[in-house]
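Novice: So the chains spell out like this:
Protein chains: 2
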Amino acid sequence: MKQYSKEEIDKFISLLDFSKIEGNLVPVIAQDYQTNECLMLAFANEEAVRNSLETGIACYYSRSRKTLWKKGEESGHFQEIQHVLVDCYVDTLLLKVKQNVAACHSGHYSCFYREYDDGELKTIAKKVFSPENVYKK
Amino acid sequence: MKQYSKEEIDKFISLLDFSKIEGNLVPVIAQDYQTNECLMLAFANEEAVRNSLETGIACYYSRSRKTLWKKGEESGHFQEIQHVLVDCYVDTLLLKVKQNVAACHSGHYSCFYREYDDGELKTIAKKVFSPENVYKK
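First to last, the sequence lines map onto chains A and B. The working numbering applies: residue 2 is where the first sequence begins, and numbers increase by one. The working numbering applies: residue 2 is where the second sequence begins, and numbers increase by one.
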């Protein structure tokens with residue numbers, strides 16, 4: 002897991018362009034650091050990026066709840082950050098993570114568990130946990 | 002390359018949630034269909050999704066130019082769509098593509114060619130083409 006000093010975090014945030022998405026956000030792709038499987042896409046504001054780099058555990062901004070969203074806070078399915086990449090415009094992050102259990106609340110390892118094929122969304126991955134056993138609220 | 006009928010395209014668009022991003026857009030991740038390397042993140046409106054599925058070649062919406070953006074129209078670096086995946090909320094697309102030459106205008110295969118490490122953005126990939134030879138305008 003990566004460790005960053007306060008100076009490194011401040012500098013990183015100053016390099017990012019949060020202006021492209023309403024609410025001063027950057028899109029964040031989480032990807033399995035070993036297989037490169039895409040796990041999810043979410044958004045982060047400055048505070049969420051700061052939290053991610055301070056803790057080494059991915060943190061996002063929930064646009065629906067309008068609050069920081071520590072991925073895994075309820076399920077325990079945390080994402081341990083291994084590498085932090087940026088795109089050419091420095092307005093998108095790619096986190097290569099060690100995903101605990103699964104990224105998706107549906108029970109699938111990746112949120113991208115369906116392919117559009119023959120006119121329908123076909124599930125192409127098996128569940129790795131049962132949501133009803135994990136989300137008790 | 003995938004082929005879709007008009008009915009399949011209409012149905013797919015009706016399944017997507019364009020309401021989450023200002024301007025009725027969905028984020029689209031392009032990923033190498035063989036290695037799973039993340040190539041880029043862009044946005045698409047309904048028209049861009051329709052164009053992608055009609056042609057089998059990835060099309061986005063340029064928020065800066067406010068127009069459809071056929072990836073590769075200037076460079077010839079088209080993305081041939083192999084698989085179309087959606088996430089759990091049906092508000093994000095993942096295109097698994099055969100990338101011609103490179104995805105990034107910088108000359109790198111992926112737009113994510115830099116990692117934040119030791120307080121700086123370090124380039125972690127070599128260029129695969131020279132932008133000055135490709136973009137003549």
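Don't read these hints as lab results, they were simulated from the structure. Here a beta-carbon is modelled for each residue, glycine too, at the ideal position from N, C-alpha and C. Hints may contain errors.
[As the list claims (entries may be wrong)] When the alpha-carbon atoms are kept at most 27 Å apart in a straight line, the in silico DSS-like pairs for lysine-lysine are as follows:
id, chain 1, residue 1, chain 2, residue 2
1, B, 128, A, 127
2, B, 123, A, 3
3, A, 99, B, 12
4, A, 99, B, 3
5, B, 21, A, 21
6, A, 12, B, 123
7, B, 123, A, 123
8, B, 21, A, 67
9, B, 12, A, 123
10, B, 123, A, 7
[What the hints assert, rightly or not] Derived list of chain B stretches under chain A, where covered just means 3 residues or more per stretch with a C-beta under 8 Å from a C-beta of chain A:
id, region
11, 24-32
12, 71-82
13, 99-111
14, 127-137
Novice: Determine for every hint whether it applies to the structure shown.
Specialist: Taking the hints in turn, this is what the structure says about them:
Taking the CA atoms of residue 128/B and residue 127/A, the gap is near 38 Å; set against the 27 Å cutoff, the hint is violated. About 15 Å separates the Cα atoms of residue 123/B and residue 3/A, which keeps this hinted pair within 27 Å; it holds. Proximity of residue 99/A to residue 12/B is assessed by CA-CA distance (about 35 Å); at most 27 Å being required, the pair is judged violated. Restraint check for residue 99/A and residue 3/B: not satisfied, since their Cα atoms lie roughly 32 Å apart, outside the 27 Å limit.
For a cut-off of 27 Å, the pair hint linking residue 21/B to residue 21/A stands: about 14 Å separates their Cα positions. Taken as a hint, the residue 12/A and residue 123/B pair is honoured in the structure, with Cα atoms around 14 Å apart against an allowance of 27 Å. Between residue 123/B and residue 123/A, the direct Cα distance comes to roughly 39 Å. Violation of the 27 Å bound is thereby established for this hinted pair. Between residue 21/B and residue 67/A the CA atoms are separated by roughly 13 Å; this keeps the pair inside 27 Å, and the hint holds.
Straight-line distance between C-alpha atoms of residue 12/B and residue 123/A comes to about 14 Å, which keeps the hinted pair within the 27 Å bound. The hinted pair formed by residue 123/B and residue 7/A meets the criterion: a straight-line CA distance of about 19 Å does not exceed 27 Å. Only residues whose beta carbon comes within less than 8 Å of a beta carbon in chain A count, and the region 24-32 of chain B has 3; three or more means the coverage holds. Counting residues of the region 71-82 of chain B whose C-beta sits closer than 8 Å to any C-beta of chain A gives 0, which falls short of three, so the coverage hint is violated.
Proximity of the region 99-111 of chain B to chain A, defined as three or more residues with a beta carbon under 8 Å from a beta carbon of that chain, is established by the 4 residues found. Here's how the region 127-137 of chain B fares: 0 of its residues keep a CB closer than 8 Å to some CB of chain A, so the rule of at least three is not met and the hint is violated.
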